[in-house]
Amino acid sequence: MEIQIDRARVERARELAARIAAPVEAFIAAHSTVSVERAVLRLLGVDGVGADEVPVPNLLVDALDPECRTRGAALAFGRALAETGLDPAALGAAIADGAHRLADFADVPEAAARGALRPHVDAAMARIGERRAQRRSLLERLPQLPPPLLYVIVASGNIYEDRTAAIAAAEAGAQIIAVIRSTGQSLLDFVPYGPTTEGFGGTYATQANFRIMRAALDEVGERLGRYVMLTNYASGLCMPEIAAMAALERLDMLLNDSMYGILFRDINMKRTFIDQHFSRMLNGYSGIIINTGEDNYLTTADAVEQAPAVLASQFINEEFAERAGMPATQIGLGDAYEINPDLEDGFLFQVAQAQLTRQIFPNAPLKYMPPTKHMTGDIFKGHLIDALFNLTSVMTKQHIHLCGMLTEAIHTPFLGDRALAIENARYIMGTARHFGDEIAIKPGGIIERRAQHVLAECVALLERVADIGLMQAIERKTFADVSRPPDGGRGFDGVFARHPEYYNPFEAALRGAREVPA
Amino acid sequence: MEIQIDRARVERARELAARIAAPVEAFIAAHSTVSVERAVLRLLGVDGVGADEVPVPNLLVDALDPECRTRGAALAFGRALAETGLDPAALGAAIADGAHRLADFADVPEAAARGALRPHVDAAMARIGERRAQRRSLLERLPQLPPPLLYVIVASGNIYEDRTAAIAAAEAGAQIIAVIRSTGQSLLDFVPYGPTTEGFGGTYATQANFRIMRAALDEVGERLGRYVMLTNYASGLCMPEIAAMAALERLDMLLNDSMYGILFRDINMKRTFIDQHFSRMLNGYSGIIINTGEDNYLTTADAVEQAPAVLASQFINEEFAERAGMPATQIGLGDAYEINPDLEDGFLFQVAQAQLTRQIFPNAPLKYMPPTKHMTGDIFKGHLIDALFNLTSVMTKQHIHLCGMLTEAIHTPFLGDRALAIENARYIMGTARHFGDEIAIKPGGIIERRAQHVLAECVALLERVADIGLMQAIERKTFADVSRPPDGGRGFDGVFARHPEYYNPFEAALRGAREVPA
Amino acid sequence: MSAQMVKPYGDTMNDGKVQLSFTLPVEWSEAADEAARQLVARMGFSDVSVVEGRAIATGFSFFVVYASTPHAIDVSAIKAPSARTHAMSMEEIDAFVAERIGRKVRIAGACIGTDAHTVGIDAILNMKGYKGDYGLERYHMFETYNLGSQVATEDLVRFTKERQIDALLASQVVTQKGSDVRNFTELAELLEAEGLRDRVVLICGGPRVTNLMASELGYDAGFGRGTLPSEVAAFVVTALAERVRQ
Amino acid sequence: MSAQMVKPYGDTMNDGKVQLSFTLPVEWSEAADEAARQLVARMGFSDVSVVEGRAIATGFSFFVVYASTPHAIDVSAIKAPSARTHAMSMEEIDAFVAERIGRKVRIAGACIGTDAHTVGIDAILNMKGYKGDYGLERYHMFETYNLGSQVATEDLVRFTKERQIDALLASQVVTQKGSDVRNFTELAELLEAEGLRDRVVLICGGPRVTNLMASELGYDAGFGRGTLPSEVAAFVVTALAERVRQ
Ligand code: B12
Ligand code: B12
Ligand SMILES: Cc1ncc(COP(=O)(O)O)c(C=O)c1O
Ligand SMILES: Cc1ncc(COP(=O)(O)O)c(C=O)c1O
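Protein sequences, first through last, are from chains A, B, C and D. The working numbering puts the first sequence at residues 1 to 518. The working numbering puts the second sequence at residues 1 to 518. The working numbering puts the third sequence at residues 1 to 246. The working numbering puts the fourth sequence at residues 1 to 246.
Heads up, a few of these hints could be off.
As the list claims (entries may be wrong) - Once the Cα atoms are required to be at most 25 Å apart in a straight line, the calculated BS3-like pairs of lysine-lysine come out as:
{"#": "1", "chain 1": "D", "residue 1": "LYS161", "chain 2": "B", "residue 2": "LYS373"}
{"#": "2", "chain 1": "A", "residue 1": "LYS477", "chain 2": "C", "residue 2": "LYS128"}
{"#": "3", "chain 1": "B", "residue 1": "LYS373", "chain 2": "D", "residue 2": "LYS104"}
Unchecked claim - Under 7 Å between C-beta atoms, here's a sample of chain C residues computed to sit facing chain B:
{"#": "4", "residue": "THR12"}
{"#": "5", "residue": "GLY16"}
{"#": "6", "residue": "MET43"}
{"#": "7", "residue": "ASP47"}
{"#": "8", "residue": "GLU192"}
I should point out that these hints are in silico values taken from the structure, not numbers from a laboratory. Each residue gets a CB set at the ideal place from its N, CA and C atoms; glycine is no exception.
Make a model of the complete structure from these sequences and hints.
Pasting the structure below:
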């Protein structure tokens, strides 16, 4: 199955994406954010919470005076490390309880600071490298079933109920488990701490919760003889920190988009661009596959109309990810099955879009999202819409397949709903396993014309964005019909310009490790 | 969408079917059955029941002495008509209550008998012709939606509850309503009389029930602006009579197969062959589309293995129907979606079979039966199997589409089940309306190879049957793994050889009207 | 009105047939099927048939059951007036406002509490509207404010006071742990406390909202799934016109 | 054994969540949704949420409902022993018969009453078997008679007597209006009346049969959906061996 598409248009789209990303990257290179700095501290080994449950990395970064902050938290912390001889965790705790103050070490020479940081940077890099190697060897010993990889969410709010649900789902055939975050966590400018049992529409992403879930899935993976992947969300104000925690706890995937937070969470665009870059450098090195959020264009507006925007966003996400050093095989671009089920030939349009994406991004582990918007309380019809989504996915060889729930319009999934959803996917993908290989798409037909139209419109859209610049374009409602000003939105106060002497030891280490283009 | 098939093989299969049918037809031409004779009387106007609810046509035919019977019931009845001057209904009643005896008119000259029959034969032919014309004009004024025509069953046992169910189904989108018969009616050697409210797993086929349902569907058809078709079963010991009743009451379709009764109801094969022939002559003239029963091969044995037998049966049914004067457009050959849902690539096999049938019988209003055997109490999975059946049907342009019920393994359909089934079909057939037109089947792929294999095996099977003769082949378990002896089974005592002077006025009239090959 | 008792209908009047499905936290076995059967019998059903029972995970089994309920309901006694009764087109509504109210009507809408599901309230308010029915922003005689998502009830009440809002539209899509009822109640109480309740037509909406629930919460109307903007507009102007008359 | 009370499980232990669907013979309206809600409440459920309600025909509406049941069931108290407990292979069974019974076992099976659904009983009896498990005809130590479909109970009892059958297998697939229970009961009573009941291992089967129901009907065992021939064979020979021993 192949659609004839104009390769020159695809080339043009990639050129435009590069033109769009280049100036943003220059901006990124000259700035940092509080979350990047906190991620650096976390990687060095700082953790725990102080008074009022404020995480120690926040306490430390908040304690930096503005001038000092522009040089990066690492230097200040390195000075204290050099002087006190404490290890990072102990030093963090000592600062948190007031026994030390970072400002007191301002006089320590920069070289000493760098020297004191070195072993901890190396240790962090080594630990992440080990996690990555561990994943690789587990995957060899406990191979997954062939894609589409069935992915389900757990969202009870309680990490222990989530664990029960995740194990049950894995037994039923799920290959990837995502723990949905509690409502609004993406807007918190800190990462909660410890195991949590009270979330709302989801469960908090904390390092302890990551660990609990990882252990449970490793155990069930051994039992089932196939590795079960774990996913969480790195969108929001703490993108870099969550990427760091995920790297340390061997998560396998992270939701991570270069524009989602801006458009759908009203997070400041500069903050987002800087954060996504550092988090993606980390993801690249830790072998984590990112999942981008193009599905959101489709749930908030008409899916037929939004198709070109989805493709444009995929090109932009790809470009930003590559600039952060990620290989194509870790860039899980998003798409979704959201066309109105009552539209005649809507299935053909879905096939067109899914196949177009597959052909344009042949090496990406595409993430295919299920129908949500048009799901209703009619669970019987909903199950059928999910079935055609499953069929489209297996036909067009999508990689990461989020199982749709027949109760999507009703509640976060029940344990039984998940079992039915997985049964649906397994049945459809088994009985039609090689259907996509068995058919050819009619040249000049509805499907092909639709794909070509979407591509053409996408190029036109990217041309406009390249002309005015991405930040301007976002301000002018080019994406998802929302306007966001460059200096508005949440988290802008956490953005700052780098001092010429700014130092982030991991940036260099990650570049070295992965030869990220400068 | 087209599969490459070897046209020479198709030609060969048709030749073989002709070779198979020819000797059977010669046998048919030399025989008649009690049911054929009763059908003749019914067409002449004989109806009603005598003592013990025995239908008058049965009383009359049973009263004929064996010798007289060999000349056909019409002659004896014609003699009485000529002599008494009564109309057929009154004469039937008079004989039923003993006021007259057919034997008393033996001396009336044959010419007088024929003369007395003529106006009633003409009236019957005219009435059936009117029904047919009425259907045609209704279909013009109240056009149906394009095929696949959604077909659902009603089966409450009570004709009035059935009527409620039928109206509801038509409103929901059904275009054809079949009233399933009560268990075992096909084994009764008479047709019950009057409206009935107590059936078992179905509702009795009676002329009064036909009329009640026809009236209800005509009414709802006017309201909805589209003609709603009515179907019943002509299989069994009363095939010709039911065909006659259906012609008079403007049914639009009838289940009618040349071998089903033999194989699946243990009805005598000679009886069946003779009965199917006369009933099909009638069906041809009355514009009734027959539905053959190949689905039964698949429900009683493995569907993958039985595929060649299904195709062979389709060729044989086609041949017999053509020999009875039916045009291709009235020969609704059967097929079914019965492959194990858990078989990898089973969907591809189903598509292969459905498309093969479509290509070999391009003008037949194919009847596509839903999954039944592999349906379980898991209604959610069942609904999905039905969905892929619906998809296959719209892709391969099947004509008569029996909607599968998610509760197939549980109970005869509830009103709500039918609504969900129709919703399923409408959703799938809408969203994938032109999918079949948009794809080509890979040459030499799984689908094409499967289709070619089925055709080759079918030809091999027909060769064997042609060699030994159809009756012998049936005895030797060639079909459906059952053996039926030529003189065994139900209803054999109702078969008799025609006297050289045998007379069936409708045979001639129907041949004249439709120019049936002799 | 005389009582009209109805029961679920399978294929025969009053057969009471109901389909159920659920998960039990038990390992599957034939005894688990029997447990499911007894459980459904204990719920008061008769003719219980466990048509599917199977393991879906270690320690969990899933069941599909058909059974008959003995219960009937008197539909003639159900009091659930719809808020969607005044069918008027956009043009008719604009004309109605011009004639009966004589000035522009000020309408504010928001998705309250922590709820960020704006698609529903946007469908009612935005120009574009919903299913071909234009949104309230397009009406000439409405001045419409869309406050967006996650709006605190205090902010909404302050806005109502400041802008002298005539009709207030609150949306809730997330219903987990009763958050919708809590937020709606809070809004109504705050308006009451501020002495504003009688000055506004107060409306709530969302996929789980019913008009009955709305009136129990002290709202003038409630609109559920599939609501069209013109239905809401018609209700608002009719209610306002009645107040004007009084 | 201590009580182990379980409730349906949605996403949290003991939330009692159940899904229901049914048709009501009423025209759809918001009041019909409310009628559905009250009806389910009357059935004893709490937190009733009518998530779908719509017209499916003139005078009929269809509903999907989620609700919580307060009922729990003590699974430790369920008595429903399975007949499928003696796992043995065909070879083991043949060897077992040779050793413990010392002669061929005579088995007769039929689809009784007016039921013509032979696929199920054939799956148990025919050589070919079911899901890769050979049928009883293939066992060396069985002499198997498949009497086919629509076999009158009298005929089956006569056959049992004449051929000195050891184990009798009766199938019922059609369950409408309780025909299965009626036919099974008739067979058991007739065997009793003829003084044959104690001489045979009496087994029933079919998609709606449970072992519990079988024992209530006076059968030695009952086998439901998905039964394998070897499971039935193992039960038969074990039961016969026990009789031999007694
Ligand atoms: C789109 C969507 C989102 C989008 C929302 C984007 C946006 N800007 O709105 C995104 C992806 C951001 C999202 C996020 C979340 N979502 Co959400 N989402 C949905 C989804 C798929 C569709 C909702 C929708 O847009 N429907 C279409 C509109 C047109 O319908 P409607 O809202 O019913 O509106 C109509 C009527 O109700 C009425 N109406 C509505 N409001 C009002 C107000 C008035 C005054 C009037 C008169 C009428 C009216 O008129 C409208 C037109 O007819 C639903 C599932 C579903 N299919 O319903 C889940 C769903 C609502 N989401 C859910 C959840 C849990 C979440 C999250 C908490 C997940 C998480 N942990 O992150 C977050 C929470 C965000 C938050 N803080 O609220 C759950 C809610 C469960 C529950 N019952 O409580 C659902 C049901 C999915 C699920 N099964 O888990 N979601
Ligand atoms: C195939 C089939 C037919 C075929 C039967 C062919 C044949 N030779 O058997 C035909 C087309 C002839 C047919 C006809 C009818 N059928 Co039918 N049919 C079915 C169907 C689709 C599959 C049944 C089947 O073969 N299952 C596969 C076998 C392997 O499973 P099984 O029977 O459960 O057997 C297993 C176990 O139960 C067990 N088992 C079974 N018996 C025994 C016995 C013993 C002793 C033991 C130990 C174990 C055992 O072992 C087997 C292997 O594991 C079902 C729907 C469905 N999906 O279930 C409807 C179904 C059973 N039929 C039904 C009906 C109503 C009819 C008709 C009355 C319709 C009509 N009005 O004409 C007729 C009646 C015929 C009659 N007199 O009985 C209804 C019954 C409703 C009810 N619950 O009462 C069903 C459920 C369909 C429906 N929803 O309407 N049918
Ligand atoms: C890229 C991305 N990140 C995160 C989320 C989750 O939302 P939140 O912003 O609440 O974390 C989504 C959900 O759609 C998403 O697509
Ligand atoms: C051709 C044909 N006739 C009739 C029937 C109905 O069965 P019965 O023989 O009980 O009428 C079927 C059912 O499958 C059939 O296929």
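Mind listing which of the numbered hints don't hold for this structure, in increasing order? Checked against the structure, the hints that fail are numbers 1, 3, 5, 6, 7, 8, while the rest are satisfied.
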